[in-house]
Structures are given as structure tokens and as C-alpha cells.
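Peer 1: Residues 1 to 227 (our numbering) are what the sequence shown spells out, left to right.
Just so you know, these hints were derived from the structure itself, not from any lab. Just so it is clear, the structure is predicted and the values come from calculations on it, not from any experiment. Treat the hints with caution; some may be incorrect.
[Unchecked claim] Distance condition first, Cα-Cα at most 20 angstroms in a straight line; then the derived DMTMM-like pairs of lysine to aspartate or glutamate:
no., residue 1, residue 2
1, K182, E57
2, K158, D54
3, K5, D23
4, K182, D54
5, K158, D170
6, K158, D23
7, K18, E28
8, K5, D61
9, K182, D96
10, K158, E25
11, K158, D198
12, K158, D96
13, K5, E57
14, K5, D54
15, K158, E175
16, K182, E172
17, K158, E172
18, K18, D61
19, K182, D130
20, K5, E28
21, K182, D207
22, K158, D207
23, K158, D130
[To be verified] With beta-carbon atoms standing in for the labels, derived distance ranges:
no., residue 1, residue 2, range
24, R106, V75, 20 to 30 angstroms
25, I184, P112, 22 to 32 angstroms
26, D113, F222, 13 to 23 angstroms
27, S218, A10, 33 to 43 angstroms
The beta-carbon is built from N, C-alpha and C at its ideal position, and this holds for glycine as well.
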Amino acid sequence: MISIKGLSKAFGDRQVIKDLNLDVESGEVVGLVGPSGIGKSTLLNIVAGLLSPDSGEVRIDGRVVTRAGRDEIMVHPAERGLGYVMQDNALFPHMDVLGNIEFGLRSAQMAPDAARERASEMMELLRIGDLAHLLPGQLSGGQQKRVALARSLAPQPKILLMDEPLSSLDQELREHLRAELKGIFDRLSLTVIYVTHDNFEARYLVDRIAVFGSGRISGSFFVSRQP
1 MISIKGLSKA FGDRQVIKDL NLDVESGEVV GLVGPSGIGK STLLNIVAGL LSPDSGEVRI
61 DGRVVTRAGR DEIMVHPAER GLGYVMQDNA LFPHMDVLGN IEFGLRSAQM APDAARERAS
121 EMMELLRIGD LAHLLPGQLS GGQQKRVALA RSLAPQPKIL LMDEPLSSLD QELREHLRAE
181 LKGIFDRLSL TVIYVTHDNF EARYLVDRIA VFGSGRISGS FFVSRQP
């Protein structure tokens, strides 16, 4: 589903990704594990089409979506079939919960009634239906995370990118949402790249751990998810 070959990216003199290779199979949940600040988010942004690499290419479902040196970003981010849950949630502060979830659907020219129905389905899945008309600033951290996840899942993406989605939450809430994420991954059969620096979290949620270090994937191994 995702094939990354020979990817490199530097910011000035700082090389954050160097000749990186990674393949993710359809329906596989891969945990990208490594210390904070070493380039994991940069890799997700390149896969999402928000950054251009200095070298290498990204393929999604066999199609080249990014290739350095040749149009660089070849497929617009909105056309890649991706959902992306960022660390800071990136919710629109002036839109209520329903508006945030509907935004991507409306942008994709979905009919208003269909967009409202799909958003309602996502709010029910994430148990946030009673928050529909609240603004992000009126929500707790855990509620904001649920809204961000609902917005990412609403367009029915083939692939979900998640950048340390639980890192800002307290321990009790992390444990609760971690269990919910596990159920969602299994129920929707998503292909996921899940970035975290928490090894336990990775072992609980993912099928395979890819260890990120020195700009490359230094190794990967399959895990049995924790019960």
C-alpha cells in the first residue's frame, strides 16, 4: 500500500532523513518508533504531500505520488486517500465539532446531506455526538483528539497517518483512548503508520514496529499486540 524508497530530507545542514526505505502492506498497522525530534513527523509530512524530499520517492497503492527532482509532489495531498491525525490536532478554532468533521467532506464536493450523515456516523463511532455544536476551545484534550480522529476517518481514507496522537494526554486518558484506537483499527481494517516514542503503546496497537534512528529505518520486527 505504501512504498518509500531512497528518501532523504535535510533542513539546512541538518540531515533528518537519509536514504530511508519502508514498505507498509495493505491493512497493516506499522509503528514508527524512535526518540522525539529525529524526523518521524517529517517522514509523515512527506508521505502526506506536505513536504518535498531531497531525493527518493513515495508510492501509494503502486502509484508514484512524490518523486524528488521530477515535479516533486506529483499528487496533491487531498487526492492521496489519506487521513492525518497531527500532534496538535489542527482543528479549526472558529468551527464547531460538526463543522470540523464535515470540512474535508464538503471540500471533496460531497452533498451537504451526505456529509452531515457521514459526520454523524463518525461522531457516534467516537462517542462525541453530544459535542456537535461546541467549539474546539470548549473541549478537553481527549475530546479534541476524538474530533481530530473523526475528521480524519470521515472521508474513509485508505491510509491513516498518526503523529504521536496520545502524547499530550494524561495517563488515564491515554490508556482509555489507546483501547478505543485498537478497536477502530481492527474494525475498519485501516493501513496505518503510527508514530510514537512509547514502546508499550506501539506493542499494544501495531502489527510491526519499524525503528527509526540516524535518519533511517534501522530494523523492523513483528509483534503480538498486547491483550
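Peer 1: Next step is simple, just say for each hint if it's right about the structure.
Peer 2: Structure-based check of all given hints:
1. K182 <-> E57: violated, 30 angstroms
2. K158 <-> D54: violated, 26 angstroms
3. K5 <-> D23: holds, 8 angstroms
4. K182 <-> D54: violated, 35 angstroms
5. K158 <-> D170: The given pair, whose Cα atoms are some 30 angstroms apart, is violated under the 20 angstroms limit.
6. K158 <-> D23: Answer holds: K158 to D23 is near 15 angstroms, not above 20 angstroms.
7. K18 <-> E28: It is violated: about 24 angstroms lies between the C-alpha atoms, which goes past 20 angstroms.
8. K5 <-> D61: holds, 14 angstroms
9. K182 <-> D96: Distance of about 27 angstroms is beyond 20 angstroms: violated.
10. K158 <-> E25: holds, 12 angstroms
11. K158 <-> D198: violated, 25 angstroms
12. K158 <-> D96: Violated, at about 26 angstroms.
13. K5 <-> E57: It holds: about 6 angstroms lies between the C-alpha atoms, which stays within 20 angstroms.
14. K5 <-> D54: Within the cut-off at roughly 12 angstroms; holds.
15. K158 <-> E175: violated, 26 angstroms
16. K182 <-> E172: Roughly 16 angstroms separates the two Cα atoms, so the pair holds.
17. K158 <-> E172: violated, 30 angstroms
18. K18 <-> D61: Not satisfied, since the Cα-Cα distance of roughly 23 angstroms exceeds 20 angstroms.
19. K182 <-> D130: violated, 23 angstroms
20. K5 <-> E28: holds, 18 angstroms
21. K182 <-> D207: holds, 11 angstroms
22. K158 <-> D207: holds, 17 angstroms
23. K158 <-> D130: Distance ~28 angstroms between K158 and D130 Cα, so the pair is violated.
24. R106 <-> V75: 20 to 30 angstroms: holds, 21 angstroms
25. I184 <-> P112: 22 to 32 angstroms: The hint (22 to 32 angstroms, Cβ to Cβ) holds, given that I184 and P112 are roughly 26 angstroms apart.
26. D113 <-> F222: 13 to 23 angstroms: violated, 44 angstroms
27. S218 <-> A10: 33 to 43 angstroms: Violated, at about 19 angstroms.
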